[in-house]
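Undergrad: So the chains spell out like this:
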Amino acid sequence: MSRFKDTGHLLRFAFLFVVAFAIFLVVRHFVVPKSFGEYGHYRGNAIGEIAARPVHFAGHAACETCHADVAAVKQGGKHTGVNCEACHGPLQKHVDAMTVDGAQPFTPPKLDTAVLCVRCHAASAAKPKGFPQVDADQHSGGLACETCHQPHSPAIQAGGAK
Amino acid sequence: MKIDRRHFLIMLPAAAVAWKYVQAGTPEASPNYKMSDHWWSMLIDIPKCIGCGNCVRACAAENDVPEGHFRTWVERYHVTDYDMVNPLVISPDGGKEGFPSVPEDAGKYFFVPKMCNHCADSPCTQVCPVGATFIAPDGVVLVDQTYCLGCAYCVQACPYGCRYIHPEKKVADKCTLCYHRITKGLTTACAENCPTGARQLCDLKNPNDPIHAFLKTHHVQVLKPQMATGAKVFYNELDGSVR
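Sequence lines, in order, name chains A and B.
With the numbering used here applied, the first sequence corresponds to residues 9 to 170, in that order.
With the numbering used here applied, the second sequence corresponds to residues 221 to 463, in that order.
To be clear, the hints were calculated from the coordinates, so they are not data collected in a lab.
These numbers come from a predicted model, not from an experiment.
Note that beta-carbon positions come from the ideal geometry of N, C-alpha and C, so glycine has one too.
Treat the hints loosely; a few may be bogus.
What the hints assert, rightly or not - Chain A residues, not near chain B, derived (Cβ > 10 Å throughout):
| id | residue |
| --- | --- |
| 1 | L18 |
| 2 | H49 |
| 3 | V63 |
| 4 | C74 |
Stated by the list, open to error - Partner residues are not named here, just some residues of chain A that face chain B (Cβ under 8 Å, in silico):
| id | residue |
| --- | --- |
| 5 | Y50 |
| 6 | H96 |
| 7 | P98 |
| 8 | K101 |
| 9 | P136 |
| 10 | P140 |
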């Protein structure tokens, strides 16, 4: 056993190492979030937190549950594929105001066709050729778009816009 | 089926390899949404884009994107005659308020909406030193903003320039593919508000998604395929001059 004499300093060092490692494990237990590593090298709960962020655009399906009359006008028209909030803006607050008891009332903002129509339909050679484009000043002579075109179904019908 | 000890031992390594995928598919964050049932992507139909900027405004409104930063933006390419290598690209305020009008017959023009490509082998998640950014089990690249240090390694790593440091939060921020919407059955804010249907959210794990037929019958590209990022934003009829 002569090989193992004078081992005190080694054992002390080994003991310190074990203690330090134990402290590391304890600290790690408290510092690393519980869900870390649930799916991979990240905090699993982050996925749920990101999914819980508030929605601002309610989606056209929510609009159409109440505004079926407008959906019917849009049906078959040139603007069928243009979803409600593309022009009307984010209206989840409006949906909440109408469906949740005690929610703050919310009035959707008034829209300006002079801005909205031109955003898409202003003439530019950069746009796809088949897309309907007009030079707004020449086209209407200063008249508002909705004088002739009903925005929900913009093809001009006999008798003008309703 | 009868498994003897010999076969059991042969299958053991295969089971060990599969185990992490088995685990990845089990617990779910929200009650009616199963992450393992989805593999999200997006289709951008270049011939349909009119450069109205609706997607950029919608994204900013939905996600409180700070002024001057963009989770999605629109670029207008102008390929002057025969010069495919040096297209003239503009994106005034990310295309938020549309683009200046162009007179007739001035060369080839088209719009390219850009956003996070939600890469399957994303360079940005690989460089994060703290595990704050990751590919979720449904294929969406996300940032855990409570864990992010703001070191901006990921901002440098993204070959598409899709990340930025949030000026107030001082952490990395990027497109979440409207994760808070798609997990509730809604589409993304940009796709919801695109008036021409140039953007479509796609689920590659859904066999009934029209994306499968579309990818088989159209000329579809991803951006920078040479980077081997596994980009999942598919561009229909993308011009060769797009970088």
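Undergrad: Please settle this one: C74 of chain A was flagged as non-interface, so is its CB more than 10 Å from every CB on chain B?
TA: Its Cβ never comes within 10 Å of chain B, the nearest being 17 Å, so this holds.
Undergrad: Using the nearest Cβ pair, does K101 of chain A come within less than 8 Å of chain B?
TA: With Cβ-Cβ at 12 Å, over 8 Å, it is violated.
Undergrad: Was the hint right that P98 of chain A lines chain B, CB cutoff 8 Å?
TA: 5 Å, holds
Undergrad: Are P136 of chain A and chain B close enough, Cβ to Cβ, to be under 8 Å, as the hint says?
TA: Check passed: Cβ of P136 of chain A comes within 6 Å of chain B, closer than 8 Å.
Undergrad: May I ask you to test the interface hint for P140 of chain A with respect to chain B, counting a Cβ-Cβ separation under 8 Å as satisfied?
TA: With a closest approach of 10 Å, the P140 of chain A hint is violated.
Undergrad: Say whether it holds or is violated: L18 of chain A keeps its Cβ farther than 10 Å from all Cβ of chain B.
TA: The assertion about L18 of chain A holds, with a minimum of 36 Å to chain B.
Undergrad: Classify the hint on Y50 of chain A as holds or violated, based on whether any CB of chain B lies nearer than 8 Å to its CB.
TA: 4 Å, holds
Undergrad: Hey, does V63 of chain A actually stay past 10 Å from chain B on C-beta?
TA: 6 Å, violated
Undergrad: Would H49 of chain A pass as off the interface with chain B, using Cβ distances and a cut of 10 Å?
TA: The claim breaks: H49 of chain A does not keep its Cβ more than 10 Å from every Cβ of chain B (closest is about 4 Å).
Undergrad: Against chain B, run the beta carbon of H96 of chain A and see if the smallest gap drops under 8 Å.
TA: 10 Å, violated
In this structure, the earlier hints numbered 2, 3, 6, 8, 10 are contradicted, and the remaining ones agree with it.
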